[in-house]
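Starting from the known structure of chain A, arrange chain B on it as the hints suggest.
There are 2 protein chains.
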Amino acid sequence: MSVRFAERGDKSQVEEGTALAPKFDDRGLIAVVTTDVHTGELLMQAWMNREALERTIEIGEAVYWSRSRNELWHKGATSGHTQIVKELRIDCDQDAIWLKVEQHGGAACHVGYKSCFFRRVPVGDEAREKGTDLVFVESEKAYDPEKVYGKK
Amino acid sequence: MSVRFAERGDKSQVEEGTALAPKFDDRGLIAVVTTDVHTGELLMQAWMNREALERTIEIGEAVYWSRSRNELWHKGATSGHTQIVKELRIDCDQDAIWLKVEQHGGAACHVGYKSCFFRRVPVGDEAREKGTDLVFVESEKAYDPEKVYGKK
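Each protein sequence line maps, in turn, to chains A and B.
With the numbering used here, the residue at position 110 of the first sequence is 177, and numbering never jumps.
With the numbering used here, the residue at position 40 of the second sequence is 107, and numbering never jumps.
Next comes chain A alone, as it looks inside the complex (with noise of 0.2 Å):
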């Protein structure tokens, strides 16, 4: 299978219409929200290029862009903890994506915990009372990195 992105049409062909059409921002990447197809938790915040799209669509599962280490990047193979994805959906301008996933290993993050998203920020009314020191939000790390990832 060859994906074929469609050439951006106006806006109310972008927003109301059938065609893939991604933008990708100057850097060439597009937003990728990552949640847990069963518990509907997010888990992680990433990015793709286009070959990281064609790929995903291609393949079913997912596969981000790296920027830090600037390269495809297929999660999970290093870890193990791939990303089955079960539905792929895109927002109205065409410039995000959402994967619902199911998580192997049942952990995204490299820092051990299920969401990359294990802290809170305090806002509001408890922000003013207690400032805005992040609220570590999963109590226990899934698992353990440097058995995974080796010493660092």
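Calculated from the structure, these hints are not laboratory results.
Everything numeric in this text was worked out from a predicted model, so none of it was measured.
A few of these clues could be false.
Quick list of in silico lysine to any residue cross-link-like pairs, SDA-like style, CA-CA up to 20 Å [as the list claims (entries may be wrong)]:
hint, chain 1, residue 1, chain 2, residue 2
1, A, K214, B, P189
2, A, K90, A, E121
3, B, K153, A, F203
4, B, K90, B, A73
5, A, K153, B, N137
6, B, K208, B, D103
7, A, K90, B, T145
8, B, K153, A, D200
9, B, K214, B, K153
10, A, K78, A, F91
11, B, K197, A, P89
12, A, K197, B, G84
13, A, K197, B, K197
14, A, K214, A, H148
15, A, K78, B, K153
16, B, K78, A, P89
17, A, K153, A, E138
18, A, K90, B, P189
Here is chain B on its own, set in the frame of chain A:
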């Protein structure tokens, strides 16, 4: 209240500590993921600059940075579809924000749908069989954009 962000420390401070030290990219922006606190559904993906994040923490309602209008964007100021922030989380490397919100007006998307992600992209076998034309997941608009925003 004036919100203060911490200096970015080393990797373990940022990833395992409690100091709020968000990373804004070279455009001065941080990616934001907004979900419905009741249904868990992804409503939209947007952006904040430093001031937008400070305001969001202060007032407890979603304030984004509009890249198209190049201005602070208090979501719902025009449409009435404000977003009350029930929880704000930040990810491991503190370069992405997750808002769990109560969505007023029942819809987040300017096109009229509850979620901006109202279309899905076929993946894997389905893409091979049917191609990658978008499939509408939300069958009906939640409101009429012309009534809310006026004719464009």
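Cross-check of the supplied hints:
1. A:K214 with B:P189: Answer violated: K214 of chain A to P189 of chain B is near 36 Å, above 20 Å.
2. A:K90 with A:E121: Holds, because 13 Å separates the two Cα atoms, which is no more than 20 Å.
3. B:K153 with A:F203: Holds, because 16 Å separates the two Cα atoms, which is no more than 20 Å.
4. B:K90 with B:A73: holds (10 Å)
5. A:K153 with B:N137: violated (35 Å)
6. B:K208 with B:D103: holds (17 Å)
7. A:K90 with B:T145: violated (26 Å)
8. B:K153 with A:D200: Holds, at about 17 Å.
9. B:K214 with B:K153: With Cα atoms ~28 Å apart, K214 of chain B and K153 of chain B exceed 20 Å; violated.
10. A:K78 with A:F91: With a Cα-Cα distance of about 16 Å, the restraint between K78 of chain A and F91 of chain A holds, given a limit of 20 Å.
11. B:K197 with A:P89: Holds, because 19 Å separates the two Cα atoms, which is no more than 20 Å.
12. A:K197 with B:G84: holds (17 Å)
13. A:K197 with B:K197: Outside the cut-off at roughly 54 Å; violated.
14. A:K214 with A:H148: Given that 20 Å is the threshold and the Cα spacing comes to 13 Å, the pair holds.
15. A:K78 with B:K153: violated (33 Å)
16. B:K78 with A:P89: Violated: K78 of chain B and P89 of chain A sit about 33 Å apart, past 20 Å.
17. A:K153 with A:E138: With a Cα-Cα distance of about 24 Å, the restraint between K153 of chain A and E138 of chain A is violated, given a limit of 20 Å.
18. A:K90 with B:P189: holds (18 Å)
Hints 1, 5, 7, 9, 13, 15, 16 and 17, counting from the list given before, are not met by this structure.
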